[in-house]
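K.L.:
Each chain, letter by letter, is given below.
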Amino acid sequence: MSAALQVGVAGIGAWLQGAPDWPSLRGVLRGEHGLAEDAPARPAANVLPAAERRRAPDGVRLAAEVAAQACAMAGSDPATLPCVFASTHGEVAITDYVCATLAQAPLELSPTKFHNSVLNAPAGYWTIAAGCGAASNAVTAYHHSFAAGLLEAATLACAEATPVLFASCDVASAGPLAEMTRTTLAFGTALVLAPEPADGARLALGLRAGNTAPATTATLALHGVAGDNPANAHALALLAILANAQPLRLALPLSTGLSLDMEITP
Amino acid sequence: MPARIEPLAITACSATSALGRGLAAHLEALRDGRGGLRANDFSSTPLDCLIGRVAGVEDTPLPAPLAHWDCRNNRLAWLGLQQDGLRDAIARVVTRHGASRVALIMGTSTASIGSTEDAYRRLDHGRFPEDLRRPEIHTPHSLTAFLADATGIGGPALTISTACSSSAKVFASAERLLRMGLADAALVGGVDTLCDSVLFGFHSLELVSRQVCRPFDTHRDGISIGEAAAFALLERADSAPEAPRLIGHGESSDAHHMSTPHPEGRGALAALDDALARAGIDAGQVDYINLHGTATLKNDEVEAKLLPRFPARTRASSTKSFTGHTLGAAGALEAAIALLAIEHGVVPPNLGCSVPMPETANWLALQPEMQRIDIALSNSFGFGGNNACLVFARAGVGA
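Chains as they are written, first to last, in the working numbering: chain A, 1 to 266; chain B, 267 to 665.
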C-alpha cells in the first residue's frame, strides 16, 4: 500500500459507562484499571445548552460529549471544524418509538421524536451547540461504519487542508428492533484529525485489497462494547494502539473486498 | 474561500420518479409541464395529501441471488439501475479501472425503514416476523450494501444520511475521493421510498400540503412527499471530453435549528459561495438554478433571499411539484434534472405556483423555457440545517 492520506490525531474523546473520557478509557486499554463502578449511565454532554440536553436523545448526548472532549484536547474551536458523525444504527430507541407508534397510532407521532430520528441529529445538535457553520456530515456503512467514516473524515481533512472532527457513536438497542441491531452498550469515540501532523499521534491511511477483521484487541473489561458491534470493535482496535503507544499497522474492513490500511505512530 | 477543483465528467446519469422510468420520461414531463403527483394511496392509515409514487415498484422483485435484500427501497433502487444504460456504464468502469477503484456513495434519509415499519405492524410474539428477520435491511446502509452486491462495485462504500441534502453531498464526497487518488470512478446517487415514517412525520410537523405543493407561491402551504432513485457516474474529465461536468460543490451548516432554516439563509449562502468558489465562477455566469423549493413557508422564504445574488437573466425553478419532495433522493434527482436542462436547453417550469412571491418574480420560470444552458446549479437543504449546493456545466464551459 502507498499511504494516500497522512493525518495527525490532535484530540481524542471517548465515552462508555465506567470510562467517561479518553484518559480513563486509555487506562482500561493499558490494563491499568477496570471500568469504574456505579458510573453514570448517560454522558454529561455539558456542551449542549440545558434545554437542548433535556430534549436530546441518547445518541446526540453521546456524540456531543465525545466531540467536545476531542476538540478540547486538540485546542480546536468547534465553530470552525467541519465534522463527520458516523453510526451503525443511529438513534435506535427513537426508531423503535417511531415504528411502534406508526404501527398503532400513526397520527399521534411526536414531531420532536420525528426530527430526532434522522441520522444527522447528532450533527445537527452539535453544529447548533458549537455555532459551527462548516460542513457537517452523517454517514453509515453498517459494520464498516467506523472505518468508512474515518476514511471520509481523513479524505476531507487532506483534500481541504483543514482539521476535521470525526465521531463514531452507537447507543444501546431497544425494543423488537434490538434483535436485528444487537448493540447492548453505548459507546462513542471522537478524533480531531489534523492535515499537518504535529506533536501527537500520526495515521498514514491507504486502501488495501481484502477484508479481514482485526484480531480482537479489546480487554475483557471492554468485551461487552466490542462483542456485538463491529464498528465499536474497530474503533477500540485503533484506540488500543493509541493507548499503548506502540507503532503498529492495522487494517479495518471497509467494504466487501477492501480494507482501510493504517500505519499508526502513537 | 476554497480553491478551484478539477471538473469531473458525468459519464452516465439516470432518474426514476413519479415522472416515470429514465431520463426521457423526465425530459418529456418537464418540457410539457406535466406533474406526476397523485392522491395518497400509500400510507397504512389514510392521510389526505398527494404523493409522488413510482408506479410498479411492487411488481419489480429482485433477482434470486439478491433476494435477501428484498424490500421496497431496494426494489426501487434496482428499477432505477435498469434505466438509461446505467448498468452497462457501471460494468464499463468496473472493467476499466478494477472493481476496488470504483467508489459507491449513496444518499438516503430513511433507506429501507419501510420494512422495519412493516415488521412492527406484524410482530410475532414481540419478535419480527420470520420473513423480515434480516438485519441487513434494518440498517440505514441497506441501500448501499445492496447496490454494492448488485453492481459488483468493490471500492469504498458509504451511505450519507443528512436528511434532504443527503444525495447532493454524495457528489462532494466522491469528488474528494477522486481528487485524493483513492478511486478512479464513483457511482453516486440517492434512493428514498415512501414510508409511513416520512408521511406521518412531516404531517406531525404540520408541513404536508393537502394539495399539489406550490413552491414559491404566496399561498404555499407545505410539501408533497415523493420517492425516487437517481444516479450519476463520475470519472476524471480526460476520460470523457464531451460529457457534462460537475464543476463545483459547497456544503455548510446553519447552526440554527433542527427543523427550520436560518432566517437569513446564512448556511445556504455559505454553501452557495463555496460551490461558486470551487467552480471558479461568479453568480453572473449561472444560467439555471434548480431550487430546493419545498413549498414550506420557511424554506422558500429563506431560499428566495439567495436570488438577488444572481442577475435577472438567471432562470430558477423548483421541480418539487413534478416529483414531490423525494427527501434523501432529491439531491441526485435534481442533479439529473439540472443535467437535462444543460443537455436539452430546457428550463423546467416552477409548476404549481400561480401567485409567485414578489421577491422571486425576476428569476422564477413559471412556464417551460427553451434556451441554451451552460451552467446549472442545484440547491439541497436538510433538517439539522444541513446545506449543499452543486454546480454542473457543459463540457468546455466555465472556469
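Please keep in mind that the hints were generated in silico from the structure rather than gathered at the bench. Only a predicted model underlies this, so the values are computations on that prediction, with no experimental measurement involved. A few of these clues could be false.
To be verified - Here are the simulated DMTMM-like cross-link-like pairs (lysine to aspartate or glutamate), alpha carbons at most 25 angstroms apart as the crow flies:
1) B:K564 to A:E108
2) A:K113 to B:D487
3) B:K564 to A:E52
4) A:K113 to B:D314
5) A:K113 to B:E472
6) B:K571 to B:E609
What the hints assert, rightly or not - Covered, in the sense of this in silico footprint (three residues per stretch, anywhere, with C-beta under 8 angstroms from a C-beta of chain B), are these stretches of chain A:
7) 34-41
8) 85-92
9) 105-111
10) 114-123
11) 167-180
12) 193-200
13) 254-260
All C-beta atoms, glycine included, are put in the ideal place defined by N, C-alpha and C.
K.L.:
Are any of the numbered hints broken by this structure? If so, which, sorted upward?
P.N.:
6, 7 and 12
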